[in-house]
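Trainee: Given next are the chains, with one letter for each unit.
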Amino acid sequence: GQQVMQIPQYQHVQEGEDFTTYCNSSTTLSNIQWYKQRPGGHPVFLIQLVKSGEVKKQKRLTFQFGEAKKNSSLHITATQTTDVGTYFCAGPPLDTGNQFYFGTGTSLTVIP
Amino acid sequence: EPEVTQTPSHQVTQMGQEVILRCVPISNHLYFYWYRQILGQKVEFLVSFYNNEISEKSEIFDDQFSVERPDGSNFTLKIRSTKLEDSAMYFCAAGEQDRYEQYFGPGTRLTVT
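Residue numbers (our numbering), protein chains in the order written: chain A, 1 to 112; chain B, 1 to 113.
The hints are simulated quantities; they were obtained by calculation from the structure and are not laboratory data. Keep in mind it's a predicted model, so treat the numbers as computed, not measured. Not one of these hints is a red herring.
Mimicking DSSO-like on lysine-lysine, the simulated pairs with C-alpha atoms at most 30 Å apart in a straight line are:
{"hint": "1", "chain 1": "B", "residue 1": "83", "chain 2": "B", "residue 2": "57"}
{"hint": "2", "chain 1": "B", "residue 1": "42", "chain 2": "A", "residue 2": "51"}
{"hint": "3", "chain 1": "A", "residue 1": "57", "chain 2": "A", "residue 2": "36"}
{"hint": "4", "chain 1": "A", "residue 1": "36", "chain 2": "A", "residue 2": "59"}
{"hint": "5", "chain 1": "A", "residue 1": "36", "chain 2": "A", "residue 2": "70"}
{"hint": "6", "chain 1": "A", "residue 1": "70", "chain 2": "A", "residue 2": "59"}
{"hint": "7", "chain 1": "A", "residue 1": "51", "chain 2": "A", "residue 2": "70"}
{"hint": "8", "chain 1": "A", "residue 1": "57", "chain 2": "A", "residue 2": "70"}
{"hint": "9", "chain 1": "B", "residue 1": "78", "chain 2": "B", "residue 2": "57"}
{"hint": "10", "chain 1": "B", "residue 1": "78", "chain 2": "B", "residue 2": "42"}
{"hint": "11", "chain 1": "B", "residue 1": "78", "chain 2": "A", "residue 2": "36"}
{"hint": "12", "chain 1": "B", "residue 1": "57", "chain 2": "A", "residue 2": "70"}
{"hint": "13", "chain 1": "B", "residue 1": "42", "chain 2": "A", "residue 2": "56"}
{"hint": "14", "chain 1": "A", "residue 1": "36", "chain 2": "A", "residue 2": "51"}
{"hint": "15", "chain 1": "A", "residue 1": "70", "chain 2": "B", "residue 2": "42"}
{"hint": "16", "chain 1": "B", "residue 1": "42", "chain 2": "A", "residue 2": "57"}
{"hint": "17", "chain 1": "B", "residue 1": "42", "chain 2": "B", "residue 2": "57"}
{"hint": "18", "chain 1": "A", "residue 1": "36", "chain 2": "A", "residue 2": "56"}
{"hint": "19", "chain 1": "A", "residue 1": "36", "chain 2": "B", "residue 2": "42"}
{"hint": "20", "chain 1": "A", "residue 1": "51", "chain 2": "B", "residue 2": "57"}
{"hint": "21", "chain 1": "A", "residue 1": "56", "chain 2": "A", "residue 2": "70"}
{"hint": "22", "chain 1": "B", "residue 1": "83", "chain 2": "B", "residue 2": "42"}
{"hint": "23", "chain 1": "A", "residue 1": "59", "chain 2": "B", "residue 2": "42"}
{"hint": "24", "chain 1": "B", "residue 1": "57", "chain 2": "A", "residue 2": "36"}
Could you put together the complete structure from these sequences and hints?
Mentor: Written out as structure tokens, the structure reads:
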């Protein structure tokens, strides 16, 4: 079945260090979305990428969608304590309806 | 950010009982979803709903589950004959377009004892 894996599962960084999480899908995705979930909270939409090879930036966050539309990455430059949370990628497979598969998530801890 | 609301925030039920989880999506959104998240794990898709009918469902969404939009605003998830393993956070989400960004509600924590 469809699997969306993320690595690493956990990441601890010193405040000011960079952070990257990688997302890999077993099948081609129609689009990739990224969500952030704070501890005890709900997923909050960050961004969506649709085109093969697309790169988008939001302030210190850079998102990439792979050429084959099966992988993606999120890079945070100079992390801050407000970046703490779990980052999930998610997307619908290209060949099905609107099921959404979430990745396994990367939990980020930022040490002040 | 537009707001999706869910009630109750926490539901405790005994094994074998039925529960109904309620969601009020954003008024101009047409696509609705239910997800489940077991503590510490990933978010799992259960079902999507559009135009008053189910459009997709996962293998988790078996005959134990059903969804309704009874009055044009509320969106409900019914779980019949609850089991211990149904204990999880259940999130409702809504979107304006098919397979595009979704707004999640705060969730209902279901505890089955």
